[in-house]
Each structure stands twice: as structure tokens, then as C-alpha cells.
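Student: Sequence:
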Amino acid sequence: MDPSEIDDVVLVGGSTKMNCIINMLRRVFPGKTISRAINPDEAVAVGAAHMAAIINNDSGAFLDGLRVDNVTPLSIGVEVFRGVFHVVIPKNSVVPVRVGKLYKTGYDNQSEVPFTVYQGERALVKKNKLIGTFLLKDLPASPAGLGLMTMLAIDEDGILAVEARVLPDGQYRGCKLQLTDQSNTEILSKLEDAARYREEDQKEVERLKARYELEQHLAIAKEKVSANIISLTCVSV
Numbered sequence: 074m075d076p077s078e079i080d081d082v083v084l085v086g087g088s089t090k091m092n093c094i095i096n097m098l099r100r101v102f103p104g105k106t107i108s109r110a111i112n113p114d115e116a117v118a119v120g121a122a123h124m125a126a127i128i129n130n131d132s133g134a135f136l137d138g139l140r141v142d143n144v145t146p147l148s149i150g151v152e153v154f155r156g157v158f159h160v161v162i163p164k165n166s167v168v169p170v171r172v173g174k175l176y177k178t179g180y181d182n183q184s185e186v187p188f189t190v191y192q193g194e195r196a197l198v199k200k201n202k203l204i205g206t207f208l209l210k211d212l213p214a215s216p217a218g219l220g221l222m223t224m225l226a227i228d229e230d231g232i233l234a235v236e237a238r239v240l241p242d243g244q245y246r247g248c249k250l251q252l253t254d255q256s257n258t259e260i261l262s263k264l265e266d267a268a269r270y271r272e273e274d275q276k277e278v279e280r281l282k283a284r285y286e287l288e289q290h291l292a293i294a295k296e297k298v299s300a301n302i303i304s305l306t307c308v309s310v
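Just so we're aligned, residue 74 is where the sequence shown starts under our numbering, counting upward by one.
Honestly, the hints are just simulated from the structure, not real lab data.
A quick note: this is a predicted structure, and the numbers were derived from the prediction, not measured.
Where a beta carbon is used, it is the ideal one built from N, C-alpha and C, also for glycine.
Each hint should be verified, as a subset may be incorrect.
As the list claims (entries may be wrong) - Straight-line distance between alpha carbons at most 30 Å, and here's what the computed DSBU-like set of lysine-lysine pairs gives:
1) Lys-202 - Lys-177
2) Lys-164 - Lys-174
3) Lys-210 - Lys-249
4) Lys-105 - Lys-177
5) Lys-177 - Lys-90
6) Lys-200 - Lys-177
Claimed, not checked - Computed beta-carbon distance windows for the label pairs:
7) Arg-269 - Pro-216: 27 to 33 Å
8) Lys-297 - Ser-215: 16 to 22 Å
9) Met-97 - Asp-266: 42 to 48 Å
10) Tyr-270 - Thr-189: 18 to 24 Å
Model the full assembly from the supplied sequences, consistent with the hints where possible.
Tutor: Here it is, written out as C-alpha cells:
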């Protein structure tokens, strides 16, 4: 999140009353209001009271239109190109959430496709947290490019559902995975790493994509050569 996206800065905790903290916040959030509408000593208690009222479905001036949403702290996605992280559910998505993406088989007569799910912000799966894998089996014989509609959904309990089906009319098959909680420190560290290594990761992504495409071209060429050899053998016989 960029400082320009912040409306107001709320002070939480008695130590935030110190001038050095106020001055630091003004430097980090230039032009933003340092809100004093809530006593910093009471901010946590006020927030807890608001949350309790929302959970209890209370209404009235106390809430004043306030809404608290659970969001995904980090992105959820799957592995593509043998190592590239493809985001399906972006970070800060409001839970519950359900997102669909279209993928395709990579080679002819592919009988199964693994959907390996990761959580994180790095462009490379090896730098993110592995959540689990769903293997879509028994695909119909087909040329490369068979469409696979994939759905990732997160419910209020943090359960991740992974489903996929063969287009146009296949039935959804899938599994459920448990997302693990991460501390604010861990989340912040991952976000900082993603920003710090963005250019480096992107270079590796381009390399992996180029290698994958080369492997695909070689596989196609090998099939054509084999087909020609068989054809010539048949003719010679």
C-alpha cells in the first residue's frame, strides 16, 4: 500500500503521543491528518468494542456506518511455466472470495495437470509459501491447449477450496486446503522482499518462460520428426 492511499493516521497506544513519533508519521505520510478523534490509550478498546458490536449484529449511531472486513494479507496463486507464480486471488481481497482463471494443457494427450498453490508476493514460487497441490487426473485425449477452468475460493474460516474442470462441460473436481496464519512481522517482511527483489525476480521469470517455450518447440519438433520416420518406414515397407 502506498502512503497516498491513506486517508487519516490513527494513533494507537500511549507512546504515540510523543512528539518524535508524531513528527516521524508526518514525514512518512506528508499532507495526511494525524487523527486525534480517538484517545490513543483507548484506541484498542474502542476497536474491540466496534468489532464486538459488528459480530453481535448490533446497529445504531455507535457503529456509524463502520464495517470491518477480513482480507487476504498475501496473494494466493498457482505455479506456471515450471517456477513462475501466477496470482489468482490478489492480496487485500475481501473474504469470502472466489476467483476463476483459465489455464491450458501444455502438450498433446496430457492425462493430468497439477495445480500447486502458493501464498506470497514474489514472482517465483520457490520464494513463496507452499500451501498444497491438487492433481486433476483423467483428462480426455486432446491436442495441447485443452481449456481448464480453475476456481480458488476462501471462506470465512480461512479454508481454501481448489477446483478445476475441463471445458466446455466437465464437472468440477477439487480439494480443500488450510491456510496458515502468519504474523504481521512475517507479512511485512514478505511485502518488503517482494519490492526489494522485483527486478531480479522478473529477470528470472523471463528466463523460465523462455526455457519453457523452447522445451515446447523442441517437443513439437521431436513429434514431427518421429511422425516422418514412421511415415517413411511405412512407405518403404
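Student: All hints, please: hold or fail.
Tutor: To see whether the hints hold, each was checked on the structure:
1. Of the supplied pair hints, the one linking Lys-202 and Lys-177 holds, its CA atoms being roughly 24 Å apart against a limit of 30 Å.
2. For the proposed pair Lys-164 and Lys-174, the alpha carbon gap of about 16 Å is at most 30 Å, so the pair holds.
3. At roughly 16 Å between alpha-carbon atoms, Lys-210 and Lys-249 fall within 30 Å of each other, so this suggested pair holds.
4. As the CA atoms of Lys-105 and Lys-177 are separated by approximately 47 Å, the hinted pair breaks the 30 Å bound.
5. A hinted pair counts as satisfied when its Cα atoms are at most 30 Å apart, and Lys-177 with Lys-90 does not qualify at roughly 56 Å.
6. With a C-alpha separation of about 24 Å, the suggested pair Lys-200 and Lys-177 falls inside the 30 Å cut-off, and the hint holds.
7. Separation of Arg-269 from Pro-216 is about 42 Å and departs from the stated range, judged on CB atoms against 27 to 33 Å.
8. For Lys-297 paired with Ser-215, a C-beta distance near 18 Å keeps the hint of 16 to 22 Å intact.
9. Our hint of 42 to 48 Å for Met-97 and Asp-266 is violated, since their Cβ atoms are close to 23 Å apart.
10. Remark: the range hint 18 to 24 Å for Tyr-270 to Thr-189 is upheld by a beta-carbon distance near 21 Å.
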